[in-house]
Amino acid sequence: DAGVIQSPRHEVTEMGQEVTLRCKPISGHDYLFWYRQTMMRGLELLIYFNNNVPIDDSGMPEDRFSAKMPNASFSTLKIQPSEPRDSAVYFCASSLAGLETQYFGPGTRLLVL
Amino acid sequence: GDSVTQMEGPVTLSEEAFLTINCTYTATGYPSLFWYVQYPGEGLQLLLKATKADDKGSNKGFEATYRKETTSFHLEKGSVQVSDSAVYFCAYGSSNTGKLIFGQGTTLQVKP
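Residue numbers (my numbering), protein chains in the order written: chain W, 1 to 113; chain R, 114 to 225.
Hints are computed from structural coordinates only; laboratory data are not their basis.
Treat each hint with caution, since some may be false.
[As the list claims (entries may be wrong)] Distance windows between CB atoms, simulated: (1) Q194/R / F74/W: 35 to 41 Å; (2) E62/W / E182/R: 38 to 44 Å; (3) K165/R / T76/W: 15 to 21 Å.
[As the list claims (entries may be wrong)] Negatives, chain R to chain W, calculated, CB over 12 Å: (4) A130; (5) T178; (6) S185; (7) S192; (8) S198; (9) T210; (10) P225.
Fair warning: this is a prediction, and the values are worked out from it, not measured in the lab.
Glycine is no exception: its CB is placed at the ideal position from the N, C-alpha and C atoms.
Model the full structure from these sequences, guided by the hints.
Here it is, written out as structure tokens:
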């Protein structure tokens, strides 16, 4: 079975540009999570969805970040405009239930110059 | 509030040494407990889990026992290999917040 799929795997962009990260969760999973990982701050939960509805976006750092889940098989995380401090690895994860095992994608490595 | 505390890393061991990575948590109720592993350049993957007190999770030679009395879930392996070099994350399911709470991660480096 396919796991969580993320694209692109690597993204290099210039400050001020819009960045869109994409995620396809495991089929049948009702929960989807977006995380950010940096050396300084470790692993941070940005937002999560249940049945395509955003439940908790308290981890979204600022208004430049937005996330959508238009259907059960697709989600996007958008940064507009991007800044160098947004450089990080962004992970998407999905699970059957909120407090159960999360399955992580391979991540998107974002570098903002 | 809800939190997970892991031992500071990095942990450096020689091959075949015994491994312990400590993990303690603050939580109400009986949360499920997890250990995740992240190999270089990859996402996190589940290593093992335990769902109730005194349960022992095990996988790939790693073990951890759910100790409610000490609110701990220490990870152990009797004989580590170079291929075990990775970052290990302890986590639990917080009923207060409805999401998994992760520790800060512990880097393990195993030398031949």
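(message) 35 to 41 Å was suggested as the range; check whether the CB atoms of Q194/R and F74/W agree with it.
(response) Check passed, 39 Å falls within 35 to 41 Å.
(message) The output says S198/R does not contact chain W. Does that hold with a beta carbon cutoff of 12 Å?
(response) Non-interface label on S198/R holds, nearest chain W Cβ at 17 Å vs cutoff 12 Å.
(request) Mind checking the hinted window 38 to 44 Å against the Cβ distance between E62/W and E182/R? (result) 42 Å, holds
(request) Please test the hint of 15 to 21 Å on the beta carbon pair from K165/R and T76/W. (result) 37 Å, violated
(message) Minimum C-beta separation from T210/R to chain W exceeding 12 Å: can you confirm that?
(response) 7 Å, violated
(message) Verify this label for me: P225/R is non-interface relative to chain W, using a Cβ-Cβ cutoff of 12 Å.
(response) The assertion about P225/R holds, with a minimum of 26 Å to chain W.
(request) Mind verifying the non-interface call on S192/R? Its CB should be farther than 12 Å from each CB in chain W. (result) 26 Å, holds
(message) Is the claim that A130/R lies outside the interface with chain W correct, judged by CB distances over 12 Å?
(response) Answer for A130/R: holds, closest chain W Cβ roughly 26 Å.
(message) According to the definition I'm using, a residue is off the interface if its beta carbon is farther than 12 Å from all beta carbons of the partner; does S185/R meet that for chain W?
(response) About 19 Å separates S185/R from the closest Cβ of chain W, which puts it past 12 Å; holds.
(message) Please check whether the beta-carbon of T178/R is more than 12 Å away from every beta-carbon in chain W.
(response) Holds, because the least Cβ-Cβ distance between T178/R and chain W comes to about 18 Å, which exceeds 12 Å.
When held up to the earlier numbered hints, the structure conflicts with 3, 9 and fits the remainder.
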